[in-house]
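Number of protein chains: 2
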Amino acid sequence: MSRLDVIGLGPGGAGLRTPEAESALASAAMLFGYGPYLDRVPHRPGQSRHPSDNRVERARAEAALTAAADGATVAMVTGGDPGVFAMAAAVCEAIEAGPPEWRAIDLAIYPGVTAMLALAARTGAPLGGDFCALSLSDNLKPWPLIERRLAAAAGAGFALALYNPISRARPWQLGAALALLRTHLPATTPVIFGRAIARPDEAIRITTLAEADPLWADMATCLLIGTAETRIVPRDSRPPLVYTPRRAAQ
Amino acid sequence: MSRLDVIGLGPGGAGLRTPEAESALASAAMLFGYGPYLDRVPHRPGQSRHPSDNRVERARAEAALTAAADGATVAMVTGGDPGVFAMAAAVCEAIEAGPPEWRAIDLAIYPGVTAMLALAARTGAPLGGDFCALSLSDNLKPWPLIERRLAAAAGAGFALALYNPISRARPWQLGAALALLRTHLPATTPVIFGRAIARPDEAIRITTLAEADPLWADMATCLLIGTAETRIVPRDSRPPLVYTPRRAAQ
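Residue numbers (UniProt numbering), protein chains in the order written: chain A, 1 to 250; chain B, 1 to 250.
By construction, these hints were calculated from the structure, which means they are not laboratory data.
Treat the hints loosely; a few may be bogus.
What the hints assert, rightly or not - Covered stretches of chain B, going by a simulated chain A footprint (3 or more residues, C-beta under 8 angstroms): (1) 89–100; (2) 104–112; (3) 119–132; (4) 177–185.
From the three backbone atoms N, C-alpha and C, an ideal C-beta is built for every residue, glycine too.
Input sequences plus hints: build the corresponding full structure.
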């Protein structure tokens, strides 16, 4: 049996993890993944664990495929959803470039709740109309392309979810992105910073494009940028609701 | 106790539904929702069910909020994720326009696996780079705006997920959208039609932009449109993998 399951853990603990994902986790003999994601999976007797560093996605995919081709039942775990800036694409890339037997592996991908949807649910419906998901990391694409995509999306009235907004090696990109967005959107456009959603250290900050400060983001942060039509609804003794109307006029 | 839970059921049955969503469903006294979504929820003694038709989202939201303000523990169920072309925005709109006591309701939104991510997982990683989610319905926005968003997204290299591609009242829009996309993307761009994902009548068709036929879609279909860089990886005696590389050059 040559099997690789690529499993989305969702944004936090077991409460936002699907039963199909749990079942696949339980049946694996070998677990691969970025260390902090593997740490979210309960230990089970007989399972071996193979944590790896961030930014070695391709090597991690190749190691898991090699083990699966050798006959192991292998699980690759990812946070959120495997198809959203995560391991599913790296596994497909490795299969295309790899030996023919990798195409015969029984590959299954288990979707999960991705960060932008968990954060949106916490705050109302900021992605209630059309929206884009964009990674701010320029490790794998040139910065001018990211700027072109930000301008195209904001200019056409999409709300935006920004993944990978900042890291030690990419300190200025979020500030540049916000500056660019300020030339396309009103200063009052709602902006939401969400950190570690559904985890014990969850933190959410609702602000405006004018006020948004890149220093509020870290590697575990997802940002949602509204549109010119996104509303903030104040509530007594509760956080406000943020939503983008389903109706759009122009 | 004045409580409204807006609950994402995920794309199919219980296997893709989160434990938090299941728990909220179990604790509700009244269930509201579009009839076919309510039909996916097991009957429990003591729970009343209030199905409504499609396209009455605002009235459904107001009925649920009225019941919650009267002290009931109310659940509003939606397919997929409540924040993606579903009920969360309609509930927020109703709260903003409604009586002050609706803002005091204990509102919680439970995210779910949305159709585009479930479909992407079935086929590889077609949304593996930056992507947009766009509703093709022109019930709530003018068609020229939809065309502008399609052009902006495809022109900037986003992959696209199209929700609500077609209905009896909107028969020509998907054909017009595909024709427009053919002017921005290569004829070979991969296109995926996914119908009733994770349900017994699931059907997936992988094709190209040149071949894609609007007649293959119905109301239960989600479409994924790749980019010029999206790859199709053939496999012996298995469906091909479709993925968009994480790396982008231009």
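### Query
So which of those numbered hints doesn't the model satisfy?
Hint 4 is the one this structure does not satisfy, whereas the remaining hints hold.
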